Amino acid sequence: MKKTTIDKGIISILIIFLIGIIPNMLFAQVPVDTVGALLRLARKSQYGINCEVNTKKAFKIYNYLAGKESPNAMNELAKMYRDGEGVKRNYEYAFGFFKQASDLGNSFATCNLALMYHKGEGVKQDFAKAFLLYDKAAKAGEPRGCYGAGYLTYKGLGVTQDYTKAIEYFNIGARKGNPDCEYMLACYYLIGHDNKQDLAKGKEYLEKSMKHGHGWIHDITKFNVIDSLKQNALKDSNRWTDVKNGNVSNIKRQFLNNATESDLQGVWIGKVYTYDWSGNRIEKEQDVKLKISFQNQIMDLQWFENNNLITNYFAENLGKQWKPLKDKQFDRNSPTKWFIFRSRYDIDKTQKVKHYMPIFRSSIWTHMSPHSLLLLFWKK
Amino acid sequence: MIDSIIYHIQDPNIAAQMSYDANKKCHEGVMNLLSDTQKAKYIRVISTPEINAKADAKIQILKETNKYSEEELNSMKIEIFEYLMLEKVVYSRDKYKVMQQKDNIRKLKQFEPKSLKESNTREKVKAQGKVNRGNINW
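Residue numbers (our numbering), protein chains in the order written: chain A, 1 to 380; chain B, 1 to 138.
These are computed hints drawn from the structure, not numbers from a lab.
As the structure is a prediction and not an experimental result, all values here were calculated from the model.
Check before you lean on any hint, since a few could be wrong.
[As the list claims (entries may be wrong)] When the alpha-carbon atoms are kept at most 16 Å apart in a straight line, the in silico EDC-like pairs for lysine to aspartate or glutamate are as follows:
id : chain 1 : residue 1 : chain 2 : residue 2
1  : A       : Lys44     : B       : Asp103
2  : B       : Lys117    : A       : Asp126
3  : A       : Lys44     : A       : Asp103
[What the hints assert, rightly or not] Covered, in the sense of this in silico footprint (three residues per stretch, anywhere, with C-beta under 8 Å from a C-beta of chain A), are these stretches of chain B:
id : segment
4  : 9-15
5  : 28-41
6  : 51-59
7  : 74-84
No residue lacks a Cβ here, since even glycine has one placed at the ideal position from N, Cα and C.
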């Protein structure tokens, strides 16, 4: 009888002790030194630094530390979920952990979250949200944020295109030694956006970006990029005059989507003008030829460059518009969205050219850069 | 010692295969015996001269640019040496697990020092014949 009472006493003391200690064990803050040591250990296992790679072990450590609200661990854990390393890929979890870490002030996580919006990984692509997050990271002093915000501003994605603002972002990043920012600055000065070509400055930034680990420099020397840019700059004045005189830009407003089969059939020759990101300046012009034929009301458009057939596009007439065909039968690099227009418009007022057919791309086209405008003249 | 097993083999292909298998077995035996730390130490000791020479070659390319002081070059050499040694550990440890080796090297590339990246780029540009007295002919 006595023994049972003693046993019960011991058990109740143990229960009270455990009730007291378990919450402490679960919710106690891990000392900063321990967090650092655990993060280092996880990092070693994740990347195999002087040990076997063990992503599962790394995942477990990050997961434990994320439970203790360590933003660095949350960021790494989210990266593992995003890349499917040590755990099954799960964009929702990745997004959640990036967001949590970002809210706790981790600017790396903010950049990674922005990247998800930028690339449309696991979430709907949203350049505006990506820009806001990059901007937030940039303001927190993260050079990757400067690059992201600068890049989107440079190309006018999710924010109004503005070279001056983009260059401000890149300059901040470059001062912190970010090779991508330096590379973009080099591009800006070499191409001469805003008519400010400065080869010396461009080369200087290329050197800097190489010094900070940018890996594309040998491609620039291999393909003589700077020489071709010099040659382009010589032609620029004429092109710029064309745009200023409105010979090209006015035509953009004349689009009509009323082309008929008989209008389109035949061979068309003309040029592709590639605009820069601001849409104000033509960077490149290229001669192209299109051969359009019809079979059972399906249009077959053959695209030639230098008399070489580059690709075929197929479309059907829906009355008011031409719809690109994406059936397996026709699926050969079909553009996602395109329009064909026809109008009687005298381009050079000489009456020699009466018809033009501009094709304007939306967002993805394999053969044209994002700001391209195609002007094709019917060959009589 | 391993080569002595193929002494009497006439067909070179069979001899090569036997030699490879024996080397693999020996290597795996050694690696299974050692712990991670011991493996790293062992590989570091036997590979130091080789990695030193590699690091020197990388530094020489940077030296030709005349843009770095001796102090900077010394610190760069240390970081390049340490990184190349990390790679060497993977190459030696996973010598016979090719896919794993490639995957692990890819992971390590994230820690590649900037100086090594610069040296590699300059090496490629030099191979294109675009370097004159350490300067790039853009």
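Hint numbers the structure violates, sorted upward? 2, 3, 4, 6 and 7
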